[in-house]
Structure formats: structure tokens, C-alpha cells
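**Q** If you're matching positions, the sequence shown starts at 282 in the working numbering and goes up one per residue.
Be careful, since some hints might not be right.
To be verified - As a list, the in silico DSSO-like pairs of lysine-lysine whose alpha-carbon atoms are at most 30 angstroms apart:
1. Lys305 to Lys286
2. Lys285 to Lys305
3. Lys333 to Lys286
4. Lys305 to Lys333
5. Lys314 to Lys333
6. Lys285 to Lys333
These aren't lab readings, by the way, just hints derived from the structure by calculation.
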Amino acid sequence: MSSKKPPYTPLQGQYLSFIYYYTKINGMPPAEKDLQRYFQVTPPTVHQMVVKLHQLGLISRVPG
Numbered sequence: 282m283s284s285k286k287p288p289y290t291p292l293q294g295q296y297l298s299f300i301y302y303y304t305k306i307n308g309m310p311p312a313e314k315d316l317q318r319y320f321q322v323t324p325p326t327v328h329q330m331v332v333k334l335h336q337l338g339l340i341s342r343v344p345g
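The task is simple: from the sequences and hints, build the whole structure.
**A** Structure representation (C-alpha cells):
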């Protein structure tokens, strides 16, 4: 059994999971507003997380 840690934190994993399943169900990725509503956090918190996930190369961002 491998004890290798994923390249992201548990909270980042929750965001990645939400983004993945939201996209699979809706055919398009969630807007930051959707993430804010689901995780019940402020807009700056969501934006900071999205920027971090992008910096880590875990997601790509498309304006609009």
C-alpha cells in the first residue's frame, strides 16, 4: 500500500471533487459563485482557492 500524499490538501481535494462532479453533471465548470454557494464562504476565499489550484496546475481557468 502506498503512503504517498496527494499534491493537494484535503480542502483543495474537496474543491477539486466539487468542480469535477459539477462539470460532469452540468456539462460546464462551476462559476466562482457556485463554489461560494456550495462551500458557504466569501468571494475572496473562493477566488484565492481557484487561483491556488490553478497555480498548482490542478485546474485550468477560462475567463467568463
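**Q** Each hint needs a verdict: does it hold in this structure or not?
**A** Now the hints, each set against the structure:
1. Lys305 to Lys286: holds, 25 angstroms
2. Lys285 to Lys305: Since the Cα atoms of lysine 285 and lysine 305 sit roughly 27 angstroms apart, the hinted pair holds (cutoff 30 angstroms).
3. Lys333 to Lys286: At roughly 18 angstroms apart (the allowed maximum being 30 angstroms), lysine 286 and lysine 333 satisfy the hint.
4. Lys305 to Lys333: Status holds; Cα separation ~22 angstroms.
5. Lys314 to Lys333: holds, 17 angstroms
6. Lys285 to Lys333: Within the cut-off at roughly 21 angstroms; holds.
In terms of the numbered hints stated before, the structure departs from none.
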